[in-house]
Structure formats: C-alpha cells, structure tokens
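Please construct the entire structure, taking both the sequences and the accompanying hints into account.
2 protein chains.
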Amino acid sequence: MQISISKNDLLDGINTVIKAVDNSNRYVNSLYECLLIDASSNKIRFVANNEEIGIETVVEGKIIKNGKIAIAAHFLQDTIRNIPDGEINIYTDDNLVVTIKSGSIEYNINGKDGDSFNDLAPIKREEKLVINELILKNMITKTIFSISESNANKVLSGESFIIRNGNLCIKGIDGNRVSVRNQKVDDASLDKEIVIPGKSLKEIIKLIGSDPEKSITLYFMPSHLAFEYDETLIVVRLIDGKFINIDNFFIKDYETKATFNRSELVNSLERTLPLIKEDKKPVIIDINKDVFEVKLVTNYGSYYDKLFINTEGINIKIALNPKFLLDALKAIDDDEVSLFCMSQKNPCFIRDENDSYIYIVMPVNINL
Amino acid sequence: MQISISKNDLLDGINTVIKAVDNSNRYVNSLYECLLIDASSNKIRFVANNEEIGIETVVEGKIIKNGKIAIAAHFLQDTIRNIPDGEINIYTDDNLVVTIKSGSIEYNINGKDGDSFNDLAPIKREEKLVINELILKNMITKTIFSISESNANKVLSGESFIIRNGNLCIKGIDGNRVSVRNQKVDDASLDKEIVIPGKSLKEIIKLIGSDPEKSITLYFMPSHLAFEYDETLIVVRLIDGKFINIDNFFIKDYETKATFNRSELVNSLERTLPLIKEDKKPVIIDINKDVFEVKLVTNYGSYYDKLFINTEGINIKIALNPKFLLDALKAIDDDEVSLFCMSQKNPCFIRDENDSYIYIVMPVNINL
Numbered sequence: 000m001q002i003s004i005s006k007n008d009l010l011d012g013i014n015t016v017i018k019a020v021d022n023s024n025r026y027v028n029s030l031y032e033c034l035l036i037d038a039s040s041n042k043i044r045f046v047a048n049n050e051e052i053g054i055e056t057v058v059e060g061k062i063i064k065n066g067k068i069a070i071a072a073h074f075l076q077d078t079i080r081n082i083p084d085g086e087i088n089i090y091t092d093d094n095l096v097v098t099i100k101s102g103s104i105e106y107n108i109n110g111k112d113g114d115s116f117n118d119l120a121p122i123k124r125e126e127k128l129v130i131n132e133l134i135l136k137n138m139i140t141k142t143i144f145s146i147s148e149s150n151a152n153k154v155l156s157g158e159s160f161i162i163r164n165g166n167l168c169i170k171g172i173d174g175n176r177v178s179v180r181n182q183k184v185d186d187a188s189l190d191k192e193i194v195i196p197g198k199s200l201k202e203i204i205k206l207i208g209s210d211p212e213k214s215i216t217l218y219f220m221p222s223h224l225a226f227e228y229d230e231t232l233i234v235v236r237l238i239d240g241k242f243i244n245i246d247n248f249f250i251k252d253y254e255t256k257a258t259f260n261r262s263e264l265v266n267s268l269e270r271t272l273p274l275i276k277e278d279k280k281p282v283i284i285d286i287n288k289d290v291f292e293v294k295l296v297t298n299y300g301s302y303y304d305k306l307f308i309n310t311e312g313i314n315i316k317i318a319l320n321p322k323f324l325l326d327a328l329k330a331i332d333d334d335e336v337s338l339f340c341m342s343q344k345n346p347c348f349i350r351d352e353n354d355s356y357i358y359i360v361m362p363v364n365i366n367l
Numbered sequence: 000m001q002i003s004i005s006k007n008d009l010l011d012g013i014n015t016v017i018k019a020v021d022n023s024n025r026y027v028n029s030l031y032e033c034l035l036i037d038a039s040s041n042k043i044r045f046v047a048n049n050e051e052i053g054i055e056t057v058v059e060g061k062i063i064k065n066g067k068i069a070i071a072a073h074f075l076q077d078t079i080r081n082i083p084d085g086e087i088n089i090y091t092d093d094n095l096v097v098t099i100k101s102g103s104i105e106y107n108i109n110g111k112d113g114d115s116f117n118d119l120a121p122i123k124r125e126e127k128l129v130i131n132e133l134i135l136k137n138m139i140t141k142t143i144f145s146i147s148e149s150n151a152n153k154v155l156s157g158e159s160f161i162i163r164n165g166n167l168c169i170k171g172i173d174g175n176r177v178s179v180r181n182q183k184v185d186d187a188s189l190d191k192e193i194v195i196p197g198k199s200l201k202e203i204i205k206l207i208g209s210d211p212e213k214s215i216t217l218y219f220m221p222s223h224l225a226f227e228y229d230e231t232l233i234v235v236r237l238i239d240g241k242f243i244n245i246d247n248f249f250i251k252d253y254e255t256k257a258t259f260n261r262s263e264l265v266n267s268l269e270r271t272l273p274l275i276k277e278d279k280k281p282v283i284i285d286i287n288k289d290v291f292e293v294k295l296v297t298n299y300g301s302y303y304d305k306l307f308i309n310t311e312g313i314n315i316k317i318a319l320n321p322k323f324l325l326d327a328l329k330a331i332d333d334d335e336v337s338l339f340c341m342s343q344k345n346p347c348f349i350r351d352e353n354d355s356y357i358y359i360v361m362p363v364n365i366n367l
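Note that the protein sequences, when read in sequence, are chains A and B. In terms of numbering that gives the first Met the number 0, the first sequence opens at residue 0 and continues consecutively. In terms of numbering that gives the first Met the number 0, the second sequence opens at residue 0 and continues consecutively.
No wet-lab data here; the hints were simulated from the structure. Relax, there's no trap hidden among the hints.
One copy or two, it doesn't matter: identical chains are merged, so the pair holds either way.
Computed list of lysine-lysine pairs in DSSO-like fashion (alpha-carbon distance at most 27 Å, straight line):
id	residue 1	residue 2
1	Lys280	Lys111
2	Lys153	Lys322
3	Lys6	Lys305
4	Lys276	Lys6
5	Lys276	Lys322
6	Lys305	Lys288
7	Lys18	Lys276
8	Lys127	Lys198
9	Lys100	Lys280
10	Lys6	Lys294
11	Lys294	Lys279
12	Lys329	Lys280
13	Lys61	Lys111
This is the structure:
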C-alpha cells in the first residue's frame with residue numbers, strides 16, 4: 000500500500016474512527032489496538048471496530064499503490080498530531096513495516112495484516128429515517144443524563160428510540176427519573192422500537208455535527224442501527240429488550256402547577272450542591288401562592304431561598320433530589336417552565352404543551 | 000463577628016489562602032479543613048495554614064462587629080462561588096453558627112472557634128530581598144521541573160536559592176539533570192543559602208502575579224522564608240540542608256558546540272514522545288558538521304529527523320532522555336540556542352553567554 004494524504008485529512012480520519020477503538024480492557028495496552036487504513040479500492044477508508052460500535056470514514060487522498068494495513072490507533076494519532084502541516088506519505092513493505100514520511104521526518108512502525116482486521120459488516124440500506132443532525136444530537140444530549148449507570152438492568156443502560164405514527168420519541172430512564180424528547184418525523188409508515196447502548200450514543204453525539212441544514216440517515220437492521228452522514232458510517236449494536244411503558248405512571252393530572260423563571264431556579268438549586276457533597280439530602284420545595292421556597296438541611300448546615308412564581312392549584316411541599324431537578328431544568332431551553340405536582344408521593348413532572356420535552360422526577364420519601 | 004463584604008473580594012480572599020489549606024491527608028475530609036476570618040482588629044484578615052505553608056491576606060470590607068471565626072474552606076469557596084454578585088453579610092452567633100446572607104439567600108453553617116485556629120506566627124522583617132515578581136516567577140517556573148520527585152533525598156525535593164555577591168541563583172537538581180537561573184539583585188551584602196520545598200514553590204508561582212512593574216519582598220528567617228506583596232503574606236518552612244556543589248561537574252570546557260533553532264529541535268523531539276510512551280529509550284543525537292540528526296528506535300518502531308545547524312568542534316554522537324532535553328529547551332526564550340558536549344559520557348549543557356540560564360543533562364549510558 001502507498002498513499003499520500005494531507006496531515007489534516009489524515010488526522011480528521013483518525014479522530015473520527017478512533018472513538019470505536021476498544022480501550023475497555025485495561026489489561027491490554029490500548030496503544031496496540033488498531034485502526035484499518037484500506038486503500039484496496041479507489042478510495043481511502045479508515046475503519047475501527049469493537050464489540051459495541053464500528054466506525055468507517057472515507058478520507059481524501061491519493062492512492063499510489065493499492066493495499067490495506069492495520070496500525071495501532073492511539074500511537075498513530077499521537078504521531079501524526081506532531082507532524083507539520085502538509086502532505087504525508089504512508090507506505091508499507093512486505094514485512095508489514097509502515098513508513099510515514101514528511102519532509103526530513105521518517106517513522107518506521109510495525110503494522111498488522113489488514114486482511115485479518117475485523118472490518119465492518121455490510122449494512123442494509125432498506126428501512127431508514129432521515130433527520131436533521133442538530134435535532135437528533137439535541138434529543139440525545141437532553142435525555143442521556145438520566146439513563147441508568149448501574150449494570151443491574153442492561154436495558155436501562157441504553158436509550159429507547161420509538162418511531163411510530165410520524166413521531167420519534169427518545170427516552171432515558173433510571174430508577175428515579177425519566178427524560179423524554181419527542182419530534183415529528185417525515186416518514187409516518189415507519190414503526191420501530193429499539194434500545195441503543197448509552198455508551199455508543201455518547202460517542203455518537205461527539206461525532207455528529209450541529210449544522211441545522213444537514214441531515215443524518217438512520218438505517219434499521221435486526222440487531223444493529225447505522226448512522227450515515229457525509230462520508231462517515233457509524234454502526235452500533237442494539238440492546239435486546241424493551242423499556243417499560245411509562246404512560247401508566249406519567250399521569251397528566253396534577254393538583255399544582257408552578258410556573259417560574261428557569262434560570263432563577265437553576266441558580267438557586269446549584270447553591271444547594273456544596274451542602275449535599277457528602278451528605279445526600281433532598282431539597283424541600285415548598286410551593287405556596289406566588290412563592291416558591293427552596294430549603295435544605297444537612298450535616299454542614301442549612302440553605303434557604305425564595306423565588307416569586309405563578310402558582311395554579313393547591314399549596315404543596317415536596318422533597319426532591321436537587322441534582323435530578325437541575326439536570327432536567329438545564330436540558331430545557333425555555334425561559335419559563337412549569338412544574339406539575341400531584342402529591343408528596345407522586346412523581347412530579349416538567350413538560351411543555353406539546354410534550355416536545357417531558358422530565359419526570361420521583362419525590363424522595365421523607366416526612367415533611 | 001459581623002462583616003459585610005463584596006462577593007468578589009470575598010472570593011479573592013478565599014482563593015488566595017485556600018492554597019494553604021491542608022488536603023494532603025486523604026483520610027480526613029478536606030471539606031472540614033478551615034480557613035480563619037479574623038475581623039478582631041480594624042481589618043479583615045483571611046488566614047490558612049498547614050505544616051509547610053501559611054498564607055494571610057487582607058480583604059476590603061466593612062466590620063460591623065469585631066470577632067473571628069474558622070470555616071471549612073472548600074465548602075465556603077463552593078458556597079460563595081454560586082452567590083450572585085453584590086454585598087454579602089456574614090455573622091456568627093454564640094453557638095459558632097455562621098450565617099451567610101445575600102438577598103433572599105441564607106446559609107447557616109457550623110463554624111469553629113477562631114481563637115483555637117493555628118494562626119501564622121509573626122514574621123521578622125529584618126533580612127530582606129526585593130525582587131520583581133515576574134522575574135522571580137520565571138526563575139522558579141523555568142527550573143522547578145527538574146527537582147527530584149522521589150522522597151529519597153529530601154533536599155533535592157526542593158529548590159536551592161543562593162543570594163551571594165549581588166546575584167540570586169535558583170537551582171533544581173534531580174539525579175539526571177540540573178536547571179539553573181541567575182539574576183542580578185540590588186543588595187550586594189546579603190548572603191543566604193536556603194532550600195525551599197518544591198511543593199510550596201508550586202503554590203507560590205500560582206499566587207504571585209506577572210506584573211513587570213511590581214515587586215515582591217522576601218524575608219529571611221532561620222527556618223522560614225516569607226514572601227510579601229500587596230496585602231498578602233506567604234510563609235514557607237525551609238528544608239534543612241544544602242545542595243551539593245555542582246561547579247565540579249559543570250565544566251565550561253567542551254569539544255562540540257552546536258547552535259540551532261530552538262523551536263525546530265523542540266518540535267522534532269516532541270515527535271519522538273509517542274515512541275517512548277511505554278518503552279523508555281534515549282534519543283540519539285548525532286552532531287555532524289552542519290547537520291544534527293535525531294534518531295530513536297523502540298519496540299514500536301523508529302524515528303529519524305535531520306536539522307541544519309551550525310557546529311563548532313568535533314563530530315559527536317550522544318544518547319539523551321528526550322523529555323529532559325525538551326524540558327530545558329522549552330524553558331528557554333531565545334530563538335537560537337547552543338548545546339555544548341564534551342564526550343558521550345560527560346554531561347552536556349545548554350547555557351547563554353552570561354549564564355542567566357544553565358541546563359545540564361546527563362547522557363544515557365548505552366553503546367552507540
């Protein structure tokens with residue numbers, strides 16, 4: 000193999016696929032984990048692949064001699080980063096030694112046989128959904144914080160994607176809260192319900208752009224989902240299983256609706272965090288006519304603050320984990336937000352009128 | 000005690016002294032380690048103090064009622080950070096409960112008796128040295144990387160300050176290299192030779208400013224050194240002992256003088272680092288007439304680069320730790336730098352004509 004490629008294109012290609020280089024096994028030196036440079040056809044493909052996620056991207060460059068080679072990915076990244084801007088020549092010999100040349104600089108490093116590399120399986124481009132990349136990125140970012148971090152329930156370590164009746168619903172659930180984002184999509188006939196590992200989604204939101212004019216295509220396969228944009232393809236393995244139906248405990252009825260300035264409550268709740276650093280206590284939200292009191296007592300001391308709000312319905316006092324409430328409030332863009340409460344024991348929720356977002360937080364069960 | 004103080008002044012005071020709050024003992028929750036707010040006289044002093052370093056600063060504010068209180072320092076910092084800009088009221092009651100009030104926000108936290116706080120001992124302002132703060136900061140920053148990180152030799156975990164014949168010499172030594180900075184000072188009569196712990200110096204360079212117009216005063220005491228600037232006083236405990244005299248092995252003779260562009264060599268040496276991540280090998284510097292070759296072979300592969308230079312004297316080949324050479328080259332501001340070599344076995348050194356900097360690196364003993 001012999002290729003010539005600009006430093007920046009080379010580095011972009013490495014940086015894209017490296018997110019699929021396995022470094023989960025701490026006992027294996029991740030420096031030895033490889034990416035594939037495949038110049039065996041008329042384009043230069045970079046590929047990395049692990050059990051959970053595989054990424055392929057096509058890089059601009061000149062193929063002088065066809066071939067493919069696998070190279071330690073993090074090592075290659077570190078090496079290319081420090082080479083000056085300009086054209087870089089990469090070629091291999093019969094002993095799988097890779098030469099990287101740029102001006103007076105020459106590296107010779109040991110590669111691995113490209114034919115033995117675990118390449119991506121071909122994807123089926125049949126059932127698909129086209130969606131704006133910024134919208135998709137936001138839907139994931141604004142729900143993924145509430146997936147379960149424990150491995151006790153594998154399904155809850157992922158996010159649910161339900162496409163039904165022309166609507167995409169993305170949902171994250173842990174034992175104490177639910178985060179939901181809804182978005183109209185073009186294709187009304189598609190009906191899919193899948194669970195995608197949170198770990199893979201965290202890599203995907205780092206990779207996909209934020210261009211409000213650009214689209215990304217999702218391809219649905221029995222046990223995989225592929226994301227395609229520009230010259231890049233990301234394939235993730237799905238989690239087998241379904242989410243519980245949350246419609247039962249998400250009741251649209253409420254006794255109290257408190258409408259407030261979102262950033263005022265965010266700021267007030269953030270001020271409680273030093274007090275709960277080592278002593279996890281819930282914050283008491285005391286909703287009265289036009290006044291919203293925030294109270295907290297821990298071993299360190301106490302906190303009190305008062306916000307002026309608009310209340311409909313009865314007065315209510317509820318104990319909540321301030322971090323969960325903060326995560327939800329920070330994921331919302333609206334200046335004005337409504338909190339709906341039923342009782343001290345019922346989940347409270349924050350949603351807008353058309354359910355484009357729904358955040359449900361379970362109250363903490365203490366005597367108030 | 001009752002004081003009124005702006006949020007920014009309060010936070011500046013906390014941020015200054017907190018560097019002396021002890022968090023070395025991981026088994027003690029550092030949140031409980033205190034700083035002192037002392038408003039018992041006509042100014043508001045903030046103080047923190049541990050075995051190695053003590054810091055005091057005077058903060059602008061209004062004293063409404065005299066008194067002093069000790070408060071968990073990191074907790075106070077986290078708390079004040081999130082309070083909106085403006086005046087903050089702090090007052091204590093007879094039970095050492097501290098109230099922090101700002102608008103509708105009220106914290107009540109448990110303080111500790113200010114009289115039991117381990118306050119700074121009074122300092123002696125007799126033997127002193129006045130020096131520009133930027134110069135001092137640079138001298139420390141550009142030598143401290145070469146102090147010893149092991150605790151085997153306590154003296155070498157510090158830096159040597161020698162003031163003699165109107166010259167300040169700051170020196171850091173570990174087993175493989177020496178870094179020296181020299182600076183003329185006004186007072187030709189002062190004669191001092193002390194060793195200051197590296198850990199304390201690292202805090203000091205974070206605290207002191209970089210104003211080329213401002214001075215800092217050093218006060219010498221038998222077992223302490225004090226740094227005074229603005230309204231802030233930093234007192235550090237000295238290390239008992241002296242550095243070995245390096246004049247013996249720092250020989251001004253040389254066989255080869257190679258003069259090169261500093262940043263070209265920095266860039267070339269940085270490109271060797273990925274190769275030595277897990278496989279520590281020296282870089283071979285091969286100095287010929289007008290050509291400076293950089294060569295490295297490790298388990299990962301090999302690196303080669305060539306720089307055009309100006310050579311005086313004989314050709315020489317020497318094996319060096321690239322990190323040590325890099326640290327020295329990066330600490331120098333000159334565009335053009337000279338490397339002096341005697342033989343493969345002798346230390347090589349980089350210095351300017353008036354010895355304002357001297358960096359000595361021991362060669363690695365391998366067969367070349």
